[in-house]
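Trainee: With the hints in hand, could you dock these two chains into one complex?
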Amino acid sequence: MICIVRPSFRTYHELSEPDSSGVVDQIGAQRRRVADRLSYVRRVVAVMSGKGGVGKSFVTAHLARAVARVGRPVGLLDADLDGPTAARLLDARERRLTLDGDAVLPVAAAEGVKLVSMDQLLADGRALAFTGPDRDSHVWRGTLEAAALREFLADVAWGALDVLLVDLPPGLQRFQQLAELLPAPASVITVTIPTPESRDAVRRALGAAIGHGARPLGIVENMVGGAFHGDAADALAEEFGVPVLARVPFHPPDAVWTDLAARV
Amino acid sequence: MKFLCVECDRQMMFDERQLPGDGTFAAAFKCPACGRVVAMLANPMETQLVASLGVKIGGDTIGEQPFEMIRATVATAKDDALREPIREAPSRTGVRWSAEALERLSRVPAFVRGMVKRIYAEYAEERGIAEITPAVMDRARTELGLEGM
Ligand SMILES: Nc1ncnc2c1ncn2[C@@H]1O[C@H](COP(=O)(O)OP(=O)(O)OP(=O)(O)O)[C@@H](O)[C@H]1O
Ligand SMILES: [Mg+2]
Ligand SMILES: [Zn+2]
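Chain order of the listed sequences is A and B. Mapping of the first sequence onto the working numbering: position 27 corresponds to residue 27, and the numbering continues sequentially without gaps. Mapping of the second sequence onto the working numbering: position 63 corresponds to residue 1063, and the numbering continues sequentially without gaps.
Worth flagging that the hints you see were computed from the coordinates, not collected in a lab. Some hints could be false.
Calculated lysine to aspartate or glutamate pairs in the DMTMM-like style (CA-CA distance at most 20 Å, straight line) [what the hints assert, rightly or not]:
1) B:Lys1002 with B:Asp1015
2) B:Lys1002 with B:Glu1046
3) B:Lys1078 with A:Asp82
4) B:Lys1117 with B:Glu1084
5) B:Lys1002 with A:Glu17
6) B:Lys1030 with A:Glu14
7) B:Lys1078 with A:Asp124
8) B:Lys1078 with B:Glu1100
9) B:Lys1117 with B:Asp1138
10) B:Lys1030 with B:Glu1016
11) B:Lys1002 with A:Glu14
12) B:Lys1078 with A:Asp100
13) B:Lys1117 with B:Glu1046
14) B:Lys1002 with A:Asp25
15) B:Lys1117 with A:Asp100
16) B:Lys1117 with B:Glu1103
17) B:Lys1002 with B:Asp1022
18) B:Lys1078 with B:Glu1068
19) B:Lys1117 with B:Asp1079
20) B:Lys1030 with A:Glu17
21) B:Lys1117 with B:Glu1100
22) B:Lys1078 with A:Glu94
23) B:Lys1117 with B:Glu1143
24) B:Lys1030 with B:Asp1009
25) B:Lys1117 with B:Asp1080
26) B:Lys1002 with B:Glu1016
27) B:Lys1030 with B:Glu1007
28) B:Lys1078 with A:Asp91
Which bits of chain B does chain A cover? Going by a derived footprint, with three or more residues having C-beta under 8 Å, they are [stated by the list, open to error]:
29) 1005-1011
30) 1073-1079
All C-beta atoms, glycine included, are put in the ideal place defined by N, C-alpha and C.
Bound conformation, chain B alone (with noise of 0.2 Å):
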């Protein structure tokens, strides 16, 4: 799939992916002559689709988790079904969680919820946070890299 700037007779090159949580997905494509944004908008269906092939639309810019299909779309899965490897040093739990922030967490799939739990709470303790908070997990996502977490 490519998009062409009519205008400017440029093809738009691939900006930036966009998945805004209610099973749709988003790209945006920019074209390097005038800066003009067009955005690709998908319905569940067609995110599904594309995401079931495993390929992401605008290549594969974030690092790929094993059985990342898998984990988002098995229902039944049971929780932490993957096991962490042993770690050297396991982190301290002195971190605390907001209600706000475990309503946020309880909606992550229940496969990968210990391990997403796990990211936010180093991401607080590295940097002293006390509580975690929607904004601490927004923070984290962006620095991170969570894209869809």
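So here's chain A without its partners, still in its complex pose (with noise of 0.2 Å):
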């Protein structure tokens, strides 16, 4: 049983002096430097996938080294925060992080790609694990996560870019927070490898990032032309009513990459 009992002394909207520990407040503040931070970033382009292992990595780290050879300021934002990948096919796992007052500045990797990544920052060979008082626990760990992405949004200084590309864990999880922290909805492209089993998967993926203000660039189709079998590319282009951007073969040549480049 719930008894609503009036108290005898003044509730919280009858206080009138502001909440002072301010956590309202600071959220707001929050959201306001991770849009001040991307206020000379003309786009960001989150790169996922239903699927693990399609490609999403790779795709991302050489359409962005495409993007820096034709001149154009381009960062790349390692958002799988467990299993970074984008250092190293970057050729920049050796580069470190820098302190710049209030910011924290991205290292240059190959082409004069900006990058941030957690590869950065953890200790070789050791999986990214956190201290805490309840380690284990995945609600405690996926706030941890929260709390990186959101520093790596609100505190690295990215300067002016033509375009951010951020490379996603496989999961809907990391584009949520992602797409809560960003000023303006986030545009997407889904790679997918052409079977059914993917299609289907990125099919669930990308419907559930659209409804979370996912804007749909297109779609990638990567190793195509080996073993894999399938049309997963043109049935999703159909579906979801956006372009195939590009279909990638195993090894491919730049070509490929200088042509999704400009359509991004």
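Mentor: Laid out in structure tokens, this is it:
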């Protein structure tokens, strides 16, 4: 039984002084901070998939290189905090992030791509682990990962970028965390391999991402012409009314990336 | 969250924040009328949850450091993962550390240890202190406002 009793003292909304813990104000300030940091970034493009191992990181890194090669300033945020691979793909594992006042400067990776990855921060060969009272709890881990992503956006001085690419891990959670932090809806490139299994997984993920405000730019079909068979890219493009941005064979020539870069 | 002094019918104001160093957190709120102080005490889980939002009870009174949460919570980070910008005049390293001070320094997360060590060393140098002891560290913390280090 719940009793609603009028207390003998004033209640929260009756106190006129501001909430001196200021939590709500601070959350607002964080959002503004992210927006400020990204105010010279023309466009944020997240690279996602419903499926692991389809080449999201491979596509993101090569796309970043190709954008940089034509002289457009580009950043890559490796949002795969648990399994960061972007630093290796961009030959930047040895580079270190630098403190600069209230900001962290990204590392200059291959072709001048600006990169921030957990790889830069973790000790060699160590997986991401957090300190804390309940280090194995999923809720706890998710909270701290969201906090790390927020700091990657709020504290990194990306400078002026034509495009900031975000390499997402498999699953939808990180995309949701990202969408919550960004001042504008995120554009997404969706990577699939040709198979029906990949098509179905990507369909679910892309549908959910759109539900969270994502603006789909198109589909990249990876690992084309090998052992994988199917028409996932065409099927998804038709269903979602978006273009197939690229069909990427194994070990593709640079021209594939140059063409893709021109469409992003 | 607000605290009300029921007797005075006045909202208590945030007074001070303390990190006792055992993962818990304390915030004191004071009645502006009668001066009574209450403390809000949070367990480590509550402390970390609030911290992970990047907010501070009592408002943002200390200067924010970039990657504050990452530095405080990533257990598998490399030492000095964040490079300090190259300084014009590198400081001398003539300051001694007592064994107790070094022991205490070793409890600072590896991530920021280099930076924290340099802050104490510069503090000592500026004041002509030859040896850094826990007492010197305490004084530096108070004077420099190094809460939680
Ligand atoms: N077109 C390609 N040609 C050759 N190798 C490729 C190609 N696409 C991906 N690979 C390789 O396949 C492996 C998996 O790719 P990648 O790591 O980019 O996938 P992912 O989708 O990012 O995986 P995860 O879900 O784990 O983040 C990597 O070793 C990558 O180098
Ligand atoms: Mg990946
Ligand atoms: Zn009172």
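Trainee: Could you run down the list of hints and mark each one as holding or not?
Mentor: Hint check results:
Note on Lys1002 of chain B and Asp1015 of chain B: the hinted pairing holds, with a Cα-Cα distance of about 13 Å set against a maximum of 20 Å. Proximity of Lys1002 of chain B to Glu1046 of chain B is assessed by CA-CA distance (about 17 Å); at most 20 Å being required, the pair is judged to hold. Restraint check: the Cα-Cα separation between Lys1078 of chain B and Asp82 of chain A comes to about 15 Å, which is no more than 20 Å; the hinted pair holds. As the CA atoms of Lys1117 of chain B and Glu1084 of chain B are separated by approximately 13 Å, the hinted pair is consistent with the 20 Å bound.
Distance restraint check for Lys1002 of chain B and Glu17 of chain A: the Cα-Cα separation of roughly 9 Å lies within the 20 Å cut-off, and the hinted pair is therefore satisfied. Restraint check for Lys1030 of chain B and Glu14 of chain A: the C-alpha separation of about 19 Å stays at or below 20 Å, so the hint holds. A C-alpha spacing of about 7 Å is found between Lys1078 of chain B and Asp124 of chain A, which places the hinted pair at or below 20 Å, so the restraint holds. Using a Cα cut-off of 20 Å, the hinted pair Lys1078 of chain B and Glu1100 of chain B is violated, with the two alpha carbons roughly 24 Å apart.
A threshold of 20 Å between alpha carbons decides the hint, and for Lys1117 of chain B with Asp1138 of chain B the separation of about 13 Å falls inside it, so the pair holds. Annotation: proposed proximity of Lys1030 of chain B to Glu1016 of chain B holds, straight-line Cα distance about 9 Å (limit 20 Å). This hinted pair checks out: Lys1002 of chain B and Glu14 of chain A have alpha carbons roughly 11 Å apart, not beyond 20 Å. At roughly 19 Å between alpha-carbon atoms, Lys1078 of chain B and Asp100 of chain A fall within 20 Å of each other, so this suggested pair holds.
At most 20 Å may separate the alpha-carbon atoms for a hinted pair to count; Lys1117 of chain B and Glu1046 of chain B exceed this at roughly 29 Å. Between Lys1002 of chain B and Asp25 of chain A, the direct Cα distance comes to roughly 14 Å. Compliance with the 20 Å bound is thereby established for this hinted pair. Between Lys1117 of chain B and Asp100 of chain A the CA atoms are separated by roughly 18 Å; this keeps the pair inside 20 Å, and the hint holds. A hinted pair counts as satisfied when its Cα atoms are at most 20 Å apart, and Lys1117 of chain B with Glu1103 of chain B qualifies at roughly 12 Å.
At roughly 25 Å between alpha-carbon atoms, Lys1002 of chain B and Asp1022 of chain B are farther apart than 20 Å, so this suggested pair is violated. A hinted pair counts as satisfied when its Cα atoms are at most 20 Å apart, and Lys1078 of chain B with Glu1068 of chain B qualifies at roughly 15 Å. With a C-alpha separation of about 12 Å, the suggested pairing of Lys1117 of chain B with Asp1079 of chain B holds against the 20 Å cut-off. Proximity of Lys1030 of chain B to Glu17 of chain A is assessed by CA-CA distance (about 14 Å); at most 20 Å being required, the pair is judged to hold.
Note on Lys1117 of chain B and Glu1100 of chain B: the hinted pairing holds, with a Cα-Cα distance of about 14 Å set against a maximum of 20 Å. For the hint pairing Lys1078 of chain B with Glu94 of chain A, the CA-to-CA distance comes to about 12 Å; that is within 20 Å, so the pair holds. Between Lys1117 of chain B and Glu1143 of chain B the alpha-carbon distance is near 16 Å, which keeps this suggested pair within the 20 Å criterion. Restraint check: the Cα-Cα separation between Lys1030 of chain B and Asp1009 of chain B comes to about 13 Å, which is no more than 20 Å; the hinted pair holds.
At roughly 11 Å between alpha-carbon atoms, Lys1117 of chain B and Asp1080 of chain B fall within 20 Å of each other, so this suggested pair holds. Of the pairs offered as hints, the one joining Lys1002 of chain B and Glu1016 of chain B holds, with about 14 Å between alpha carbons and a cut-off of 20 Å not exceeded. A distance of roughly 13 Å separates the Cα atoms of Lys1030 of chain B and Glu1007 of chain B; the hinted pair therefore holds under the 20 Å criterion. Restraint check for Lys1078 of chain B and Asp91 of chain A: the C-alpha separation of about 19 Å stays at or below 20 Å, so the hint holds.
Note: the segment 1005-1011 of chain B has 3 residues with beta-carbon separation from chain A under 8 Å; the three-residue rule is met and the coverage holds. Figure legend: the segment 1073-1079 of chain B, annotated as covered by chain A; annotation consistent (7 residues with Cβ-Cβ distances under 8 Å, at least 3 required).
Violated hints, in rising order: 8, 13 and 17; the structure is consistent with all others.
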